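Heads up: the sequence lines are chains A and B, in that order. Using the working numbering, the first residue of the first sequence is number 1, and each one after it goes up by one. Using the working numbering, the first residue of the second sequence is number 1, and each one after it goes up by one.
Simulated from the structure, these hints should not be mistaken for lab results. Careful, some of the hints might be misleading.
[What the hints assert, rightly or not] Okay, the calculated beta carbon distance ranges per label pair:
1) Phe171/B <-> Glu94/A: 51 to 59 Å
2) Gly97/B <-> Arg7/A: 32 to 40 Å
3) Glu41/A <-> Gly97/B: 30 to 38 Å
[Unchecked claim] Here are a few chain B residues that sit away from chain A, every Cβ distance over 10 Å (derived from the structure):
4) Arg54
5) Arg66
6) Ile96
[Stated by the list, open to error] Subject to a maximum C-alpha distance of 25 Å in a straight line, what follows is the list of computed DMTMM-like cross-link-like pairs (lysine to aspartate or glutamate):
7) Lys127/A <-> Glu156/A
8) Lys127/A <-> Asp282/A
9) Lys143/B <-> Glu155/B
10) Lys8/A <-> Glu25/A
11) Lys154/B <-> Glu25/A
12) Lys8/A <-> Asp10/B
13) Lys143/B <-> Glu180/A
14) Lys73/A <-> Glu63/A
15) Lys8/A <-> Glu7/B
16) Lys143/B <-> Asp252/A
17) Lys330/A <-> Glu132/A
18) Lys73/A <-> Glu92/A
19) Lys154/B <-> Glu172/B
20) Lys73/A <-> Asp188/A
21) Lys73/A <-> Glu57/A
22) Lys73/A <-> Asp252/A
23) Lys154/B <-> Asp252/A
24) Lys73/A <-> Glu88/A
Quick caveat: nothing in here was measured; it's all calculated off a predicted structure. Ideal Cβ positions, reconstructed from N, Cα and C, are used throughout, including at glycine.
One-letter residues, chain by chain:
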Amino acid sequence: MLSEIVRKIDRGERLDVADGLALFETRDLLGLFALADRLKEARHGDRVYFNRNLRVEVTNVCEASCLFCSFAKLEEGHPGARTLALEEAWRELEQRLDDPPTEIHIVNGLHPGLPFSYYEDLLRGFKRIAPEVHLKCFTAVELHFFARHYGMRHAEVLDRLVSAGLGSLPGGGAEIFHPEVRERICADKATADEWLEVHRIAHRLGLRSNATMLYGHIETFAHRVDHLARLRALQDETGGFQAFIPLAFHPDGNGMRNLPAPTAMDDLRTLAVSRLFLDSFDHVKAYWVSLGPDVAQIALACGADDIDGTIVHETIYSAAGSSSPSGLTKAELVRLIQEAGRRPVERDTLYRVLEEHPRVAVPEASVKVRDRKARRHLDVLV
Amino acid sequence: MHAIIREILDRAGLLAVLDARAAGRVDLVRVPAATFDRTDLLALGALADLLRAREVGDTVTVTWGRPCDPAALVVRGEPGLALLRAAARARILGPIGARIHVDVPTVGFELAQVALAFGADALVGPPVDRRGLPLADGTVRVKGEGPVSLATMKEREIRRILEAAGRVAVFERGADATDPTVLRQESHAV
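With the sequences and hints as input, model every part of the structure.
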């Protein structure tokens, strides 16, 4: 079956849903990885992108009750619930002005008690502090919530936020589109069609965005392929997606804690299939926070061309039991990519190249990532 | 062998190694150690996986709480790319039909599982949880079965994961499967 798919790709034919399923089910994993790597190399050569970004979550108060979420606290006043004052949020940037990030990435809970002006002021404040910083903010789920909660059309929400400084949209909130899954894990937030509609409108307004898929819980391979097919269809229509980011489910502290997390092989397989199926997406990201730095490095040989950024302090995955560090320095990211035999390229949010680093031979595992568990040195007894 | 695999082996100059081992001529496999640091990781893995399939088949031995086969090669230590390269190297340079064990407590189950696609065919170590900690004593209630030990649940999970990858798990358990010191003391000698 893989041979047939290779021939199809060589002829420049698009993979269909049956091909996508066959790729998820193939046992020829090295063949799958090699094929995805070949496509990635054809598009990007040995380049692997990263950026210097700062992740800010201003509120974890959320009216939705997604089964997979360990981050949101349902109500203000709930133990652990917190909402930053605007000054607190801005301080996150102010204290990093000696080496400012090029991007601020903001994702929040769906807080029913904040005025819309809070979000506009939040963006304006960041722009006042650093006018050149790119604001990649609010998932389609949040934007749909804003429209519903504040009584506006999606386009009006986006227009007002763009006026306040919004530069692009992150890809979160997509989860799994298929209703058989979505209605079980996140029934009380934007539907698949609503998520896609927000991105469609954003693309028409000239905004770029990313797309994600939360995999490894109750969904089947068929649900994953359905998800990818819906994203590909919208990309065909608008061309507005920049990157696809598969997000591995982490079970700690949420409503699906009885499920095992997806395995590393599932992570790598999902990335590789995504590269092959999403032929109209330029970038497939190995999000190191979700995969862990070690698996993210391996993913660079399985079709991924981006490893995300410095993050600085991630809280959503750490709440779900991820053992990844909450941030990496630029130097650590460069070394992680070089270790994997690739050329690190620092980009901005819109994938404009800021700095190209050399591809140099770095001994594997020479990078001691902060917070990585202490390990014994490699000891191969041959 | 798929054309895509042949292509990457050819590009990496590893087809001759495959032929030599297929002819039982391990003595002809002359690959300088430094080559393994430079060779494309997927090519090394593909070669090692082909050799593993030919020489030892699809069985994965999971050794818990007892020393592993003294003839086995053991890969342990730093996780990540170097681990995969080491597993592939052990398969390619080791004797034909050798068992290549991965020391799960030092690399974690996640990466140990990936190493099984890079030439390894055995996992060794006490049963550990997702965070790499020894499994606690205890049971969980399973519908239709009553209480089932955590070790048995972990065994089922591993079996299911390996089966999904086309491999067959065979468990070898010692008297005290949860005592990590048993393996720490005895799995080093190869």
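A quick look at each hint next to the structure:
One distance hint, 51 to 59 Å for the beta-carbon pair phenylalanine 171/B and glutamate 94/A, holds here, with the actual separation near 56 Å. Against the hinted window of 32 to 40 Å, the Cβ-Cβ separation of glycine 97/B and arginine 7/A comes to about 34 Å, which satisfies the hint. Separation of glutamate 41/A from glycine 97/B is about 35 Å and conforms to the stated range, judged on CB atoms against 30 to 38 Å. Its beta-carbon lying about 14 Å from the closest one in chain A, arginine 54/B satisfies the requirement of being farther than 10 Å from that chain.
The non-interface label for arginine 66/B is consistent with chain A: the shortest C-beta to C-beta separation is roughly 19 Å, beyond 10 Å. Remark: the non-interface label on isoleucine 96/B is consistent with the geometry, its nearest Cβ contact in chain A lying 14 Å away (cut-off 10 Å). The straight-line distance between the Cα atoms of lysine 127/A and glutamate 156/A is roughly 20 Å, inside the 25 Å bound, and the hint therefore holds. This hinted pair does not check out: lysine 127/A and aspartate 282/A have alpha carbons roughly 28 Å apart, beyond 25 Å.
Distance restraint check for lysine 143/B and glutamate 155/B: the Cα-Cα separation of roughly 17 Å lies within the 25 Å cut-off, and the hinted pair is therefore satisfied. Restraint check: the Cα-Cα separation between lysine 8/A and glutamate 25/A comes to about 18 Å, which is no more than 25 Å; the hinted pair holds. For the given pair, lysine 154/B sits about 23 Å from glutamate 25/A by alpha-carbon distance, which is consistent with the 25 Å threshold. Distance restraint check for lysine 8/A and aspartate 10/B: the Cα-Cα separation of roughly 22 Å lies within the 25 Å cut-off, and the hinted pair is therefore satisfied.
Using a Cα cut-off of 25 Å, the hinted pair lysine 143/B and glutamate 180/A holds, with the two alpha carbons roughly 24 Å apart. In summary, the hint linking lysine 73/A to glutamate 63/A is supported, as the alpha carbons are separated by about 8 Å, within the 25 Å threshold. Restraint check: the Cα-Cα separation between lysine 8/A and glutamate 7/B comes to about 17 Å, which is no more than 25 Å; the hinted pair holds. Of the pairs offered as hints, the one joining lysine 143/B and aspartate 252/A holds, with about 22 Å between alpha carbons and a cut-off of 25 Å not exceeded.
Only pairs whose Cα atoms come within 25 Å are accepted, and lysine 330/A paired with glutamate 132/A is accepted, the gap being roughly 19 Å. At roughly 22 Å between alpha-carbon atoms, lysine 73/A and glutamate 92/A fall within 25 Å of each other, so this suggested pair holds. Proximity of lysine 154/B to glutamate 172/B is assessed by CA-CA distance (about 14 Å); at most 25 Å being required, the pair is judged to hold. The hinted pair formed by lysine 73/A and aspartate 188/A meets the criterion: a straight-line CA distance of about 15 Å does not exceed 25 Å.
Proximity of lysine 73/A to glutamate 57/A is assessed by CA-CA distance (about 13 Å); at most 25 Å being required, the pair is judged to hold. At roughly 15 Å between alpha-carbon atoms, lysine 73/A and aspartate 252/A fall within 25 Å of each other, so this suggested pair holds. Of the supplied pair hints, the one linking lysine 154/B and aspartate 252/A holds, its CA atoms being roughly 17 Å apart against a limit of 25 Å. As the CA atoms of lysine 73/A and glutamate 88/A are separated by approximately 19 Å, the hinted pair is consistent with the 25 Å bound.
Of the numbered hints given earlier, the model fails hint 8 alone.
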